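A.B. asks: Listed below are the residues making up each chain.
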Amino acid sequence: MNHSYDSKLLFAAFLGALLLVPCALAAMDSDYCLMCHGDADMVNAELLIVPTTFDTTAHAVLGCVVCHDTIGDDHPSGVSELSRATCLDCHDTLGQEYLMTDHANYAICGDCHNPHEARAMKAMAGYDMNDKCIRCHDSQTMVDVHKVWLPQADLHIAKLPCITCHTGSEGYEIVLNIVVRQDDRFFSRFELPEYQILKEISGDAGILSLIDTNGDNFIALTELRRFNRNPAYRNLRLEGTLVPSDVSHDLKTLDNRYDCTFCHISGPKSLQTSFLAIPNRDGGYQRVTVEQGAVLDALYGTPDFYMVGTTRSASMNILGLLIISAGLVMPIGHGLLRFLTRKNRQH
Amino acid sequence: MAENTKIYLQPTPVRIWHWLNAFGIVTLTVSGAQIRFPEYISLLGSYKSAIYLHNTAGFVVAISFTLWFFYYVFIARSMANLYVPKVEDLKTGLLRQAKFYFLTYFLGWENPHHPTPRNKFNPMQKSAYLAIMFVLMPLVSLTGIFMTNVEPLRGVIVMMGGMKILMSVHFLLACCLIAFLPTHVYLTTLGHTPMEHIKTMWTGWEENGNDVPDHKENGTVPSH
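Heads up: the protein sequence lines correspond to chains A and B, in order. Heads up: the first sequence runs through residues 1 to 347, numbered per the working numbering. Heads up: the second sequence runs through residues 1 to 224, numbered per the working numbering.
Do not take every clue at face value.
[Claimed, not checked] Below 27 Å or equal to it, Euclidean Cα-Cα: the simulated DSS-like pairs (lysine-lysine) are: (1) K48/B to K159/A; (2) K252/A to K48/B; (3) K132/A to K122/A; (4) K48/B to K147/A.
Source of the hints: derived by calculation from the structure; they are not laboratory data. Please read all numbers here as calculations on a predicted model, not as lab measurements.
Next up, chain A with everything else stripped away, as it sits in the complex (with noise of 0.2 Å):
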């Protein structure tokens, strides 16, 4: 009985939207606002919208007119002034926490996230991530600012997001990223690639096929191990960063961020999440889970992502320690029978 008057109450609501909005424009979807705002010999510069970059938001799925609704079948001819629904229609929550920092006094919404480009932070890389921060706060400027305090600070920058350690989110977990060797040089750095040079690298299998082998979409270690001994991926690397899993723009710095074993601490609850992000054709990414605790593995799982106290190796560990007992054994062994034949050396 509940459930019909449900469906009545929907039908109704649907009716009353059909009526707010002109008819010529219901049938109106993005791809028909694209084929002139996704077209640069149609549109400025200000006004074009890449539709692949725009089809992979979130904001893709509601439609161009859910939030400029005032726009009319006239258009572009009649109302010049589109209207724009505002971040905090939706974003209510996100854009209060905002407000209250003080970054509020100088950027709103819109002057870090496009909403025609703005992806879910599950669909980036994780370095992509300070392309916002970076605007304003220049990488050389922030290494001297925290250099003052924070041991290799140059290594956290170019290393983490700057959100990581600057909001409140207590959760973490590491996302590997495929580099690619930029020359020929010995010590050529390993750079983020864009998905086309993965593709050709990997041809028809697909990306993700580089490192999952059975094509399973999970990364196990055996297949990061793998991946990382074969002589044929010689300029393909990982690297490791570490993201926050929930999002929030409170932007502040908790205290624990200021000791370094809220991430320099190891135990079995630590550090064992992790994801591959594979880059897509439209430039975002898709996140494939990884083994638990891959990432602590001693050498061929994640070669280059260490953290020190953190990512330390169990086997390791048993052997620096078998090394350090036989430094024991001359001592004990020796003292001992130095003990019981001290006689022979009373003369």
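Based on these hints, arrange chain B on the given structure of chain A.
C.D. replies: Just chain B, lined up with the frame of chain A:
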């Protein structure tokens, strides 16, 4: 003939280097342990303190090692003579010394080696110090320098196999050096008195009661 003599065995630069090195290596061991096992060890306060102390002690030991190297090679000019085993050492010396440590010492026999300023180390010591001072110390210092400069040296680190390889090499080399410490300290107690060799490294002079003089030296009477 038995004599009571003193021999100036450890010159001042060597003694300063030795104790600086000893203090540095103990500091590196404790701070390194805290850096690797922060949830179990917090002897040096915060994690950051342990890292700064480890880095500082590492650089001090690395510089000290460099000075030591140049002192022996260019000033004392006795590096090869003291540290590189001779053919005779390898042929018979090693076996003779091992026989003393592991058999005849317990029977109360004299040490077959008598240290002099020009021949301080017995064949086993030479071999051990050769490995420690020419392989372990340079490598552990070098890997440490790489690890404190990861960002500028990333290309080289990647070429070497990555951070985990570098870190594992540094850790295992450090374990080898730590393993040597108890053996080293124990062997210093094998003089005529347990403190004899330790005093020598503090004062420079080795006292000796009744050892046979080394015919190669000028009237000095060495001990173990």
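A.B. asks: A separate judgement is required for each hint: does it hold in the structure or not?
C.D. replies: Evaluation of the provided hints:
At most 27 Å may separate the alpha-carbon atoms for a hinted pair to count; K48/B and K159/A meet this at roughly 19 Å. With a C-alpha separation of about 21 Å, the suggested pairing of K252/A with K48/B holds against the 27 Å cut-off. The straight-line distance between the Cα atoms of K132/A and K122/A is roughly 16 Å, inside the 27 Å bound, and the hint therefore holds. A distance of roughly 12 Å separates the Cα atoms of K48/B and K147/A; the hinted pair therefore holds under the 27 Å criterion.
In the structure shown, no violation is registered for any of the earlier numbered hints.
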